[in-house]
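Between the sequences and the hints, there should be enough to build the whole structure, so can you do that?
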Amino acid sequence: MSLLERLGAGHLDDRTFARLWVDGVEHPHLSSCPACRQRYTAYAEWIDDIGSEGRAHADRMFPPERLAAQQAQIFRRLEALDRPTRVIPFPRASRVVIGHQSPMRRWMVAAAAGLIAGVGLAQVVDHSFFERRESAQLSHFTASEANQRASAIHPVSFKDGDEEFLDATEALGPRVKELRALDEFTPHMRDIDTRK
Amino acid sequence: MSGTSAALAATREADATTASAVKSLQADGRHADARERFAELVARHQRRASRIAYHYVRDAAEADEAVQDAFVKAYSHLATFREELPFDVWFTRILINGCLDRIKARKRRERWQVPMAATGSAGFDGGVERDMTERVPSSGQSPEDALLARERRRQIAEALATLPERQRAVFVLSQVEGCTSREVSALTGLNESTVRVHLFRAIRKLRTLLAPSTLAVARDEKGKRRVTS
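Chains A and B, in that order, are what the protein sequence lines are.
According to numbering that gives the first Met the number 0, the residues represented by the first sequence are 0 to 195, in order.
According to numbering that gives the first Met the number 0, the residues represented by the second sequence are 0 to 228, in order.
Since the hints were derived computationally from the structure, they do not count as laboratory data.
Be careful, since some hints might not be right.
Output of the computed footprint for chain A on chain B, the stretches with three or more beta carbons under 8 angstroms from beta carbons of chain A [unchecked claim]: (1) 34 to 42; (2) 45 to 54; (3) 57 to 66; (4) 76 to 87; (5) 151 to 157; (6) 171 to 185.
Glycine included, each C-beta is placed from N, C-alpha and C at the ideal position.
Structure, rendered in structure tokens:
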């Protein structure tokens, strides 16, 4: 029966068959038309065949041996789940790794702390000492000579400037007690009259 | 109640009993016994799970892994399983989610990979994995019948593979696995009416892809076998 004949006679098409099959309902036409009933039965068989072929195809992909292997693998994984986690040791380091509680570490920390404290203390003590001495000198110079220098301004001479600097340095004298004896043997700039 | 639904009800009852037994064994810390009982569930659902996974991922090795993952996940999360829901529905949902994750991951990988040469990889034929039994000659079939059957399987597998993901999933679950629309809805998380729409579209598409003659050959063969036996 051609499509035109079917349409003319009010027969059902494939689309309607698909709808009927999916919804699982019966069309009134099917009970009155043997041709459509036959076609619908064939249609339903065709769908069932696809299903059974699909099932058979998938089953062939998983033969019993494969399923047995799969099952064994599942149980291996389940056993691994119940076992406590195994910690894989990390490869030994090429350098020495010092633990938190090792005495060597404690010594190293103490040495580092001592070094830092020493450097810091030296900085603070040294600076304060120099600052005190220099401020004393400065106050001495400013008090006695500032007025003279202010009244008589000499032309700038590098030579005079150098000598004054050396005088000032000598006036400070040696800071270290042990060097004072040596200092007394040494001729000073103040003893040499360079202008003569 | 038909024979199939009675069998299904019996299976579900057995599943519920086993699942609650495994749960209580796990709670008592008797893991070896729990695993032993869980083996019953694995044996009951393994084949069906493999079929579903295969139709989803369309690769036997990947389906194998997806099934393993699903059983391991089900075992480790069995405490969250509620007995009022059938175990097979709960488990199949885990399996389908795993398969969908694998499909997503594969798509991401494929985006960065250079496509394979047209010759394809070993074991595949035009995107559809080759049947493992194809190489072994069947004892009851003539070479011609075997060739026709192989060709028919190939055509159906290709047609199913051509379907969009959801249509294929719905068709496989309802037609290959025999689930009702309500069960497919519970398994896929789709609305029941959406399931019917996908099923309708899948059938329409398969009808255009597979000429009815392909399956007529199958019916003729079945008829021939019935006559000879």
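Quick rundown of the hints versus the structure:
| no. | hint | in the structure |
| --- | --- | --- |
| 1 | 34 to 42 | holds (count 5) |
| 2 | 45 to 54 | holds (count 6) |
| 3 | 57 to 66 | holds (count 4) |
| 4 | 76 to 87 | violated (count 0) |
| 5 | 151 to 157 | holds (count 4) |
| 6 | 171 to 185 | holds (count 5) |
In this structure, only the earlier hint numbered 4 is contradicted, and the remaining ones agree with it.
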